[in-house]
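Peer 1: Based on these hints, arrange chain B on the given structure of chain A.
2 protein chains.
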Amino acid sequence: MANDPAASLAAAFDPERFRARGHALVDLLADHLAGIAARPVLAWLEPEAQRERFASLLAAGGGEAAFEELARRALEGAIQLHHPRFLGHQVTPPLPVAALAELLTAFLNQSLAVYEMSPAATAIEAAVVRWMAGALRLGERADGLLTSGGSLGNLTALLAARRAYTGHDVWHEGSAGGPRLALLASAEAHYSVSRAARIMGLGREGVVALAGDERLKLRPEALGPALDEASRRGLTVFALVANACSTAAGVYDPLEPLADFCRAKGLWLHVDGAHGAAAALSPRYRALVRGIERADSVVWDAHKMLLQPSLVTGVLFREGARAGETFSQEASYLLGRSAASEPHNLSHRTLECTKPALGLRLYATLLVHGEALLADHVTAAYDRARELAALLEASPDFELALPPESNIVCFRHRPPGLADEEALDAHQERLRRALLERGELYLVQARVRGRLHLRTTLLQPFTRARDLAALLDALRAAAAAI
Amino acid sequence: MANDPAASLAAAFDPERFRARGHALVDLLADHLAGIAARPVLAWLEPEAQRERFASLLAAGGGEAAFEELARRALEGAIQLHHPRFLGHQVTPPLPVAALAELLTAFLNQSLAVYEMSPAATAIEAAVVRWMAGALRLGERADGLLTSGGSLGNLTALLAARRAYTGHDVWHEGSAGGPRLALLASAEAHYSVSRAARIMGLGREGVVALAGDERLKLRPEALGPALDEASRRGLTVFALVANACSTAAGVYDPLEPLADFCRAKGLWLHVDGAHGAAAALSPRYRALVRGIERADSVVWDAHKMLLQPSLVTGVLFREGARAGETFSQEASYLLGRSAASEPHNLSHRTLECTKPALGLRLYATLLVHGEALLADHVTAAYDRARELAALLEASPDFELALPPESNIVCFRHRPPGLADEEALDAHQERLRRALLERGELYLVQARVRGRLHLRTTLLQPFTRARDLAALLDALRAAAAAI
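Protein chains in written order, with the numbering used here: chain A, 4 to 485; chain B, 4 to 485.
Isolated chain A (complex conformation):
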């Protein structure tokens, strides 16, 4: 191979090899999908052993035939998101059509930095952004961008908020010597909000974290006093971050009174709807996001509730022009002078320069399956959480943390005689570990009101009542075995 580099390169790009390998991979994946229920959700292996497995494969050298072996090991060593008993984190089993759209995306490798490098893909992103903004009813002036995940989305939106703050031009003047800026946010906000604040140089005091009510929702009446208190501490609040919904317990903040407050105080309202903005699609659950249309910015991950492979996050602005104002810079090798003069060159809007066609998968989904499929999925998932909650409430040995609003359910196993809180925490952790290593069923954990709870996000379209019952039984069996 080393003897003729040009021939080796040509062979690596050979269309017929691609065709044969592509067909074989499609068959492998289709067979895998067809046989998913017979597999464990997770074939547990300690991190070091897993690491060795792939280090040695690479060290052994591969060659043409090794791709299939890699694919098999990647399938075996994966958590099976398509499994009915995947009840874990907010990561969705991707729709097959969306996965195939990713092959098209990767093959074309368009870069959304500039229109020339991605003509169709730029148009596709525009269509997807318009659809997202429309679903949230953000109005005719709305616009936005797609970016690589909710954390980057929150950072992008909060940078826009800082840019919009007129008291001090941090983008140009820097923050040393300026006011001590801060955000108001729920104590339940995702860690990426505090991470964004720290990245921006706001420090630990850059997020004023507000305790929620008994349902963990932001209390509108607490905002005024919090703002005054922040001011007394020398902080200048420029934005409020609301959850729709929160990560740990899946709770929606009351957006309408929060929007009223922000309007009255001149604050930017950012809604972290990474997970739960999708409720906007469901006639049954739309009321949960009432008021989201008044947000200045919203983050919405399509890889959570919209059945898309990660990462594809919408950052949506009610005043669309904000999308082009967050970053403003010159780069003669790439861009013209301003976002306004070239709205089709999307790297004005995104932290990314080169950026793949993130929107293609969602566009393909909407085109082939229609919005109704996504709406039905959201409704079914949220319904299922209520079904699980009812089951837990009917079970004296389980305790529901709070009635689910979204499809996230937190609960504890509470065996008779175990009342000490520390011991209860440890008990949940042991149960979860037992299930993890057994691999028949996957769920996660989170602290709610300071105590450790078991946690599930019901976003698997194939989870049925029998699987929910099996979850409780598996936990009871694990508890009995401890």
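Certain hints may be false.
[Said to hold, decoys possible] To give an idea of the interface, some chain A residues facing chain B are shown, with a C-beta separation under 8 Å as derived from the structure: (1) 11; (2) 30; (3) 194; (4) 475.
Everything labelled a hint here was simulated from the structure, so no lab data went into it.
C-beta atoms are modelled at their ideal positions from N, C-alpha and C, and glycine is treated no differently.
Peer 2: Chain B alone, transformed into the frame defined by chain A:
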């Protein structure tokens, strides 16, 4: 379809539909690849017309049969990176095996936030990071992460540098009231460096931009005076950013004397090797990155010179522990207390929380084709730039901006009688626009020493001498037609 949501969802995940659609897509792409040379590089359409094309397709409603129509339109509306006459930006035609790895990645949708959600993928990322660090000879203690692009990579590395700065703990204390921090960087640095500084709240003065020598390289002897001058202006410099290579003209800064300077002054050395770190793979060109092994951090995009679809960027730290120190936060629903206690949970290291298996495509490439293929590709691409430079120097109607060090070549068409600099700038712009709209050949532009130049990155494995000659002829023809 709307009548039975569960049946619609089941149908959308049907393995046999996936199989049929997958085979059809693979055939479409293989045929496209086989026929690539007969297509235009770019079938130019104005942004608005393109936008309408995809808005109307979606509005018309699609259904099962629409995926193929979408794929056809996406292919037609794409810039053809696999075309021998794609001579534009630093975005590579992806290897077919890497594109297929993306299908596997998307289908499995593993999240690298935590090991449990991505056991094999986490091991694969570790192998890829180890390979990258090894190629750069960063030593046994090196470690790192993969992230969504070079801009995010530069931000991540510079956050690590700020964290390592011991004079003021910006992460916890915030920057208001702290010193006015700044970076030293080449005036040729990519815009993402200044963007990162502004995101971090350093403002426009957060980057002290140094003019290069006549070859646009950082002058080591200028660093001491620049540091003193920054200090006089009240700035506290905490890091130096070097290019390997620069974006516009593809120039390598002299890393060894820069490393000496940083060691003497206690500064963090960050090397932006997004494009040119790949020279480390080539025996012929390795000397260009001599000293890179002394960097505190390096950013290296596999989607530039390693034939990978975007985005996959390595952020590599000579002191591997730095990888886990950049961000430090708690999130009970996800993470344990510290990166050191759980090195396998990668969201301690990355700005992303959910993150796809970015490393799988590069792992597959190394496994199937071997490192030698990538090394040969780099050598051939860099060789080709010298070939083009020779051709330009032999042509009195062309002017080379500077002898290429990498595979980026900047030059001007200089017709007899056109001497005015403004007129020459406008002439280059007109030529480029003519080529763009004709679509037979794609190249870009950049300012070098303030003047507009034509610019090409020769990273197309199928570009040959005849294509380079065609480039000059096409420019001459366009000039004659103006």
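Peer 1: Now tell me, hint by hint, if it's right for this structure.
Peer 2: To see whether the hints hold, each was checked on the structure:
Annotation: interface hint on residue 11 of chain A holds; nearest CB of chain B at approximately 6 Å, less than 8 Å. For the restraint placing residue 30 of chain A at the interface with chain B, the shortest Cβ-Cβ distance is roughly 7 Å, inside the 8 Å limit, so the hint holds. Here the hint on residue 194 of chain A is kept, as its CB sits about 4 Å from the closest CB of chain B, short of 8 Å. Contact between residue 475 of chain A and chain B, as hinted, is not supported at the beta carbon level, the nearest pair being about 21 Å apart and thus beyond 8 Å.
Violated hints amount to a single one, hint 4; each of the other numbered hints is respected by the structure.
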